[in-house]
Amino acid sequence: AQRVTQPEKLLSVFKGAPVELKCNYSYSGSPELFWYVQYSRQRLQLLLRHISRESIKGFTADLNKGETSFHLKKPFAQEEDSAMYYCALSRPGGSEKLVFGKGTKLTVNP
Amino acid sequence: DVKVTQSSRYLVKRTGEKVFLECVQDMDHENMFWYRQDPGLGLRLIYFSYDVKMKEKGDIPEGYSVSREKKERFSLILESASTNQTSMYLCATRLAGTDTQYFGPGTRLTVL
Numbered sequence: 001a002q003r004v005t006q007p008e009k010l011l012s013v014f015k016g017a018p019v020e021l022k023c024n025y026s027y028s029g030s031p032e033l034f035w036y037v038q039y040s041r042q043r044l045q046l047l048l049r050h051i052s053r054e055s056i057k058g059f060t061a062d063l064n065k066g067e068t069s070f071h072l073k074k075p076f077a078q079e080e081d082s083a084m085y086y087c088a089l090s091r092p093g094g095s096e097k098l099v100f101g102k103g104t105k106l107t108v109n110p
Numbered sequence: 001d002v003k004v005t006q007s008s009r010y011l012v013k014r015t016g017e018k019v020f021l022e023c024v025q026d027m028d029h030e031n032m033f034w035y036r037q038d039p040g041l042g043l044r045l046i047y048f049s050y051d052v053k054m055k056e057k058g059d060i061p062e063g064y065s066v067s068r069e070k071k072e073r074f075s076l077i078l079e080s081a082s083t084n085q086t087s088m089y090l091c092a093t094r095l096a097g098t099d100t101q102y103f104g105p106g107t108r109l110t111v112l
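Chains as they are written, first to last, in our numbering: chain Z, 1 to 110; chain V, 1 to 112.
In isolation and in its complexed conformation, chain Z is listed as follows (with noise of 0.2 Å):
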């Protein structure tokens, strides 16, 4: 069954500091791995897709197989990247449902 997990619900840095959100997930196969991300009051979008490679923000995720592990990371965190992010999986092929983790909260203080 495909699932993704994201281990903390909650997480909290100053800014200027690195900024790592984790992202496991289950699939036997290789799936496809996104990022999306909902700042406040601001409807859900895609952040970035594992398949492109691109840095969005600041934001890179490389895509672990061994680890079956897609983290977000970002070496200096912005007040303005506080929001709540989602990690989401799909079969590859662009025309399947995604499954989306539970999502962890990014608080950056400044």
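Certain hints may be false.
Mimicking DSS-like on lysine-lysine, the simulated pairs with C-alpha atoms at most 30 Å apart in a straight line are [said to hold, decoys possible]:
| hint | chain 1 | residue 1 | chain 2 | residue 2 |
| --- | --- | --- | --- | --- |
| 1 | Z | K105 | Z | K22 |
| 2 | V | K55 | Z | K97 |
| 3 | V | K3 | Z | K97 |
| 4 | V | K57 | Z | K9 |
| 5 | V | K13 | V | K57 |
| 6 | V | K57 | Z | K102 |
| 7 | V | K55 | V | K18 |
| 8 | Z | K57 | Z | K105 |
| 9 | Z | K57 | V | K57 |
| 10 | Z | K97 | V | K18 |
| 11 | Z | K9 | V | K18 |
| 12 | Z | K22 | Z | K57 |
| 13 | V | K70 | V | K18 |
Now the in silico label distances, taken between C-beta atoms and shown as ranges [stated by the list, open to error]:
| hint | chain 1 | residue 1 | chain 2 | residue 2 | range |
| --- | --- | --- | --- | --- | --- |
| 14 | Z | F76 | V | T86 | 37 to 43 Å |
| 15 | V | L112 | Z | G16 | 41 to 47 Å |
| 16 | Z | N109 | V | E79 | 28 to 34 Å |
| 17 | Z | P18 | V | K57 | 37 to 43 Å |
| 18 | Z | T107 | V | E56 | 34 to 40 Å |
| 19 | Z | G29 | V | D51 | 22 to 28 Å |
| 20 | Z | G16 | V | R73 | 43 to 49 Å |
| 21 | V | F20 | Z | D62 | 42 to 48 Å |
| 22 | Z | T107 | V | D26 | 32 to 38 Å |
| 23 | V | K13 | Z | L46 | 29 to 35 Å |
| 24 | Z | K15 | V | V12 | 36 to 42 Å |
| 25 | Z | L10 | V | F20 | 33 to 39 Å |
| 26 | V | L112 | Z | R53 | 47 to 53 Å |
| 27 | V | T110 | Z | E20 | 20 to 26 Å |
To be clear, the hints were calculated from the coordinates, so they are not data collected in a lab.
Glycine is no exception: its CB is placed at the ideal position from the N, C-alpha and C atoms.
Based on these hints, arrange chain V on the given structure of chain Z.
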């Protein structure tokens, strides 16, 4: 720019009422989804639709039904609302063959 709108931002209903949540998109996307978002539980898929008149159950379809008569509109129906259906409901759309879902602003439903 994808525009996904939901009929109400806040809705208060009584137990036993029939409730309609509407989602409309203007980008001709084939795929549409309904999720509920609860603290500590994340997003859970209720129903989705790959195209007009097509629907498939998600992970938590009990107590819900859907309707997709036109491509741009996907309705979520609570046949007889119950207090455990108090939640934030999110609609999303996706162009077929792509991987990005676009979300609406959400409807916060309270069932008293």
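If you check each hint against the structure, which ones fail? 9, 11, 16 and 27
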